[in-house]
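*Asks:* The primary structure of each chain is shown beneath.
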Amino acid sequence: MTAGIDLGQPQAQSVRSDEDVVRVRQLVRAVAVAVKLSLVDQTKVVTAASELARNTLVYGGGGSVEVTVVDNGRRKGVQIVFADSGPGIADLDLAMTDGYTSGGGLGLGLSGSRRLVDEFQIETSTETGTRITVTKWSR
Amino acid sequence: MALSTEESGRLAALLSGQDERVTTRWTEIVTSSLRGRLSQAELRRQVQDLHRAIITTGEQGTIDLSAESAGELRAALSELSRGRARQGFSATETTVSIFALKDVLAELVQETGGPNALQDFVAFSKLVDEMGLFTFESFVRTRESLIADQAEQLLELSTPVVKLWEGVVAVPLVGTLDSARAQVVMERLLQTLVDTSSPYAIIDITGVPAVDTQVAQHILKTVVAARLMGADCIISGIRPQIAQTIVALGIEFGDIATKASLADALRHVLRLNGVETARRQPRRDA
Amino acid sequence: MERVPILKIGDILLVSIQLDMSDQTAVALQEDLAERIVATGCHGVIIDITALDIVDSFVGRMLSTIASISKVLDAETVVVGMRPAVAITLVELGLSLNGIRTALNVERGMELIAAAHADELDYQLDDDPDAETARP
Chain C
-10 MTAGIDLGQP
0 QAQSVRSDED
10 VVRVRQLVRA
20 VAVAVKLSLV
30 DQTKVVTAAS
40 ELARNTLVYG
50 GGGSVEVTVV
60 DNGRRKGVQI
70 VFADSGPGIA
80 DLDLAMTDGY
90 TSGGGLGLGL
100 SGSRRLVDEF
110 QIETSTETGT
120 RITVTKWSR
Chain L
-9 MALSTEESGR
1 LAALLSGQDE
11 RVTTRWTEIV
21 TSSLRGRLSQ
31 AELRRQVQDL
41 HRAIITTGEQ
51 GTIDLSAESA
61 GELRAALSEL
71 SRGRARQGFS
81 ATETTVSIFA
91 LKDVLAELVQ
101 ETGGPNALQD
111 FVAFSKLVDE
121 MGLFTFESFV
131 RTRESLIADQ
141 AEQLLELSTP
151 VVKLWEGVVA
161 VPLVGTLDSA
171 RAQVVMERLL
181 QTLVDTSSPY
191 AIIDITGVPA
201 VDTQVAQHIL
211 KTVVAARLMG
221 ADCIISGIRP
231 QIAQTIVALG
241 IEFGDIATKA
251 SLADALRHVL
261 RLNGVETARR
271 QPRRDA
Chain X
472 MERVPILKIG
482 DILLVSIQLD
492 MSDQTAVALQ
502 EDLAERIVAT
512 GCHGVIIDIT
522 ALDIVDSFVG
532 RMLSTIASIS
542 KVLDAETVVV
552 GMRPAVAITL
562 VELGLSLNGI
572 RTALNVERGM
582 ELIAAAHADE
592 LDYQLDDDPD
602 AETARP
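Quick mapping for you: the protein sequence lines, in order, are chains C, L and X. Going by this note's numbering, the residue at position 62 of the first sequence is 51; the numbering climbs one at a time, nothing skipped. Going by this note's numbering, the residue at position 242 of the second sequence is 232; the numbering climbs one at a time, nothing skipped. Position in the third sequence (from 1) plus 471 gives the number in this note's numbering.
Take the hints with a grain of salt, since some may be wrong.
Derived DEER-like restraints, expressed as beta-carbon distance ranges [said to hold, decoys possible]: (1) C/L28 to L/R27: 35 to 45 angstroms; (2) C/E108 to X/L490: 38 to 48 angstroms; (3) C/L28 to X/A589: 33 to 43 angstroms; (4) C/E108 to L/E127: 25 to 35 angstroms; (5) L/T(-5) to C/K25: 35 to 45 angstroms; (6) L/G165 to C/R128: 17 to 27 angstroms.
Sample of chain X residues lacking proximity to chain C, with all beta carbon distances greater than 12 angstroms (derived) [to be verified]: (7) M472; (8) K479; (9) T496; (10) T511; (11) S528; (12) D545; (13) A556; (14) A558; (15) E578; (16) E582; (17) D590.
Simulated from the structure, these hints should not be mistaken for laboratory data. Ideal placement from N, C-alpha and C gives every residue a C-beta, glycine not left out.
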């Protein structure tokens, strides 16, 4: 599945099950390789994607992931958007704290993934759910 | 700055009319400026490529270096400048290959004469100037990427990871450590642990004049990463100033082993491995 | 759902994770291993993650849990073959894998288990020096 990726187009993957989280990882890896991220950076962005996709599934009740190649003129990068229409995050500051968890995890998903990427934006509301955008640039 | 259709046509006609003579003369001028550092045959081939590219472009209508139709000409120019930059020629030696065309054209225009001679020559000159500038720019771009490549190679060279003993590798760090270099060093160190199956690594910072918070963090993270992989790191050669900085910055070295010198560090590792205390069974739970 | 095979080599259970595991597969491995430790009476578990190109917090937690469970069942767990990029990422993520012993490769992992086991035998002899003579 990784061979026929059209990098000009955003790649979408719905997140409804465990297997979808695996697919998100594979998709992000394929794009990260295509934009020539270093091995360590590939590993970081795939790990972050895995954490965030699992959050989308577990806390957001499922949703979708979109992977895009971005270019700021000097460097290329991978941008990933995780969107769900779940209950939203009530206390964002608390949720971003290392070790805090509302769902029995290790509490590293949000705070940890933020450290693994270059840009991290989060929009959340109790009506429309949560939308997280992360970007990793090549060096 | 583009040549009109008529001018382009005349230029193409002028160049193709006596093509053997044009390329020979052109090659001659370039050869004398390069003083034999490139073979006559190679220069001739380059000149012929350019010559052909100008004619093809000219025959299609207006010659405008920035237009789509001049793609072949641009490609020929960039190939020439890339080649020169790689072979270590100066900017002058590179652009002279283009400016030599002016002399050739001057001779040709003088011979043919005609009512438009002066006007044509001015227009042709402008085109040659433009080609020269384009060549210069692509020459600079190539040089910049060469410098970037060399900087990267230097980074690789400046971070040797050496095997000290069976199962013990060391990185002697020398010079200022910035964040980028610290990262490269650490990744290489970890990879060497895997490649050589060495459970011990010594990071020797005797040659490092200063350490800032970021670099100290990098070293600490490497030690933790090595532990995750099943290897232990020892830091040796901490200078007094660096020790002061580390304490002043409030960086916790925690339970990481530090030794005064590389020799002490090696002795420490060998003892852990039971090399000196041969009576004991080797224990690796340190 | 795919399952990760568990091999028995002498006194050691060897798990070589070769696929990108879904969370369910990881949980199943945890359960399978506990059963196999009890069924075989092995004292060592080696989990080889050479083939894993990432370890996220879920897999990290699974490794910690396996280590704790096996400890309760009197078996030592060693995680081997973690790639440098994975280790660097785990450090950045903030996952320390507390309580897990690690080794560079399967061979070193086996040495570690053998050493731990030898120590245990030593202790037993130290604790009870007359064990052999006292036995009828």
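*Asks:* Each of the hints needs a verdict: does it hold here or not?
*Replies:* Do the hints match the structure? See the list:
no.	hint	result
1	C/L28 to L/R27: 35 to 45 angstroms	41 angstroms, holds
2	C/E108 to X/L490: 38 to 48 angstroms	31 angstroms, violated
3	C/L28 to X/A589: 33 to 43 angstroms	38 angstroms, holds
4	C/E108 to L/E127: 25 to 35 angstroms	33 angstroms, holds
5	L/T(-5) to C/K25: 35 to 45 angstroms	44 angstroms, holds
6	L/G165 to C/R128: 17 to 27 angstroms	21 angstroms, holds
7	M472	8 angstroms, violated
8	K479	28 angstroms, holds
9	T496	8 angstroms, violated
10	T511	29 angstroms, holds
11	S528	5 angstroms, violated
12	D545	26 angstroms, holds
13	A556	4 angstroms, violated
14	A558	10 angstroms, violated
15	E578	24 angstroms, holds
16	E582	28 angstroms, holds
17	D590	31 angstroms, holds
Of the numbered hints stated above, those contradicted by the structure are hints 2, 7, 9, 11, 13, 14, listed in ascending order.
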